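Asks: Counting the sequence shown from 1 gives a position; my numbering is that position plus 412.
I should point out that these hints are in silico values taken from the structure, not numbers from a laboratory. Predicted model only: the values in this text are computed from it and were never measured. Built from N, CA and C at the ideal position, the CB exists for glycine as well. Don't take each hint at face value.
Quick list of simulated restraints, FRET-style, between CB atoms [claimed, not checked]:
id, residue 1, residue 2, range
1, R513, R625, 42 to 52 Å
2, D531, S592, 26 to 36 Å
3, L628, F576, 30 to 40 Å
4, Q606, E558, 38 to 48 Å
5, K624, D531, 39 to 49 Å
6, H554, K624, 38 to 48 Å
7, V563, K624, 36 to 46 Å
8, K633, D531, 13 to 23 Å
9, R625, Q501, 47 to 57 Å
Taking lysine-lysine and the DSS-like style, the derived pairs with C-alpha atoms no more than 27 Å apart in a straight line are [stated by the list, open to error]:
id, residue 1, residue 2
10, K504, K416
11, K516, K472
12, K525, K624
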Amino acid sequence: MTKKITQFSGINALMGGVFEGLFPISEIKKHGHFGLGCSDGLTGEVIIDCCHFLDAKGNKPLRIMDDNEKMPFAQITTFEPEASFEISQISKATLYQELSRHLKFDNVFLALKLEGKFDHLKVRRPRELQQRFKNALEVAEHQIVEDVEDVEGELIGFWTPEFFQNISVAGFHLHFIDKSKTSGGHVIDFSIEQGTLAYEVKYGLDIELSDKRAYLDHDLKIADMDKIIKKVEN
Numbered sequence: 413m414t415k416k417i418t419q420f421s422g423i424n425a426l427m428g429g430v431f432e433g434l435f436p437i438s439e440i441k442k443h444g445h446f447g448l449g450c451s452d453g454l455t456g457e458v459i460i461d462c463c464h465f466l467d468a469k470g471n472k473p474l475r476i477m478d479d480n481e482k483m484p485f486a487q488i489t490t491f492e493p494e495a496s497f498e499i500s501q502i503s504k505a506t507l508y509q510e511l512s513r514h515l516k517f518d519n520v521f522l523a524l525k526l527e528g529k530f531d532h533l534k535v536r537r538p539r540e541l542q543q544r545f546k547n548a549l550e551v552a553e554h555q556i557v558e559d560v561e562d563v564e565g566e567l568i569g570f571w572t573p574e575f576f577q578n579i580s581v582a583g584f585h586l587h588f589i590d591k592s593k594t595s596g597g598h599v600i601d602f603s604i605e606q607g608t609l610a611y612e613v614k615y616g617l618d619i620e621l622s623d624k625r626a627y628l629d630h631d632l633k634i635a636d637m638d639k640i641i642k643k644v645e646n
């Protein structure tokens, strides 16, 4: 068990166009079995569940990634919940309020999993396109946004304190995987009829940066990065 999250690259690098896979999955998985990220070229949203790296892209079913594949960004940890409780009729907008009834977490990290039957999910996945984009805003303009109704599955992700924005994604960053493990993606919004919410507090964030030219030569002094992150992630 580890009480920290390991992050590969910074969210500002990803938003700014460092899409090349720089970190092998074989290295990432040494740091845990639970998390999220994106695949090489920002062509897919990745869900890390029970050591499986699942790639959600386009209109294709989820696929299990190989250890030799590389990712431009990932967050990973172990997940041994400190507590879990039943919830009903909550949404992304009320998730903070619901969790706040059980603990004070503004200034720490959380790893969390929400399992159950979802009334509605708004999920996004990048399209598989041949063209290269300059930054994540351009990618977001070509993504698939899907509204899913009445589906069983789980949300996997993290809470990050506001003062870590631009290093990571402040607030809730969640990915979805359905019960059959055939569909998933980045969660824009959700509402759930009933389910179980489990969490573990994390007290640290370790950041691994790349020594490759694709990262070292990239200008990451980007104006309005906070606005870009919020627009792309929400």
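Asks: If a hint holds in the structure, say so; if it does not, say that too.
Replies: We went through each hint and held it up to the structure:
{"no.": "1", "hint": "R513 x R625: 42 to 52 Å", "result": "holds (48 Å)"}
{"no.": "2", "hint": "D531 x S592: 26 to 36 Å", "result": "violated (18 Å)"}
{"no.": "3", "hint": "L628 x F576: 30 to 40 Å", "result": "violated (23 Å)"}
{"no.": "4", "hint": "Q606 x E558: 38 to 48 Å", "result": "violated (22 Å)"}
{"no.": "5", "hint": "K624 x D531: 39 to 49 Å", "result": "holds (43 Å)"}
{"no.": "6", "hint": "H554 x K624: 38 to 48 Å", "result": "violated (26 Å)"}
{"no.": "7", "hint": "V563 x K624: 36 to 46 Å", "result": "holds (39 Å)"}
{"no.": "8", "hint": "K633 x D531: 13 to 23 Å", "result": "violated (43 Å)"}
{"no.": "9", "hint": "R625 x Q501: 47 to 57 Å", "result": "holds (50 Å)"}
{"no.": "10", "hint": "K504 x K416", "result": "holds (24 Å)"}
{"no.": "11", "hint": "K516 x K472", "result": "violated (39 Å)"}
{"no.": "12", "hint": "K525 x K624", "result": "violated (33 Å)"}
Hint check: violations occur at hints 2, 3, 4, 6, 8, 11 and 12; the rest are consistent with the structure.
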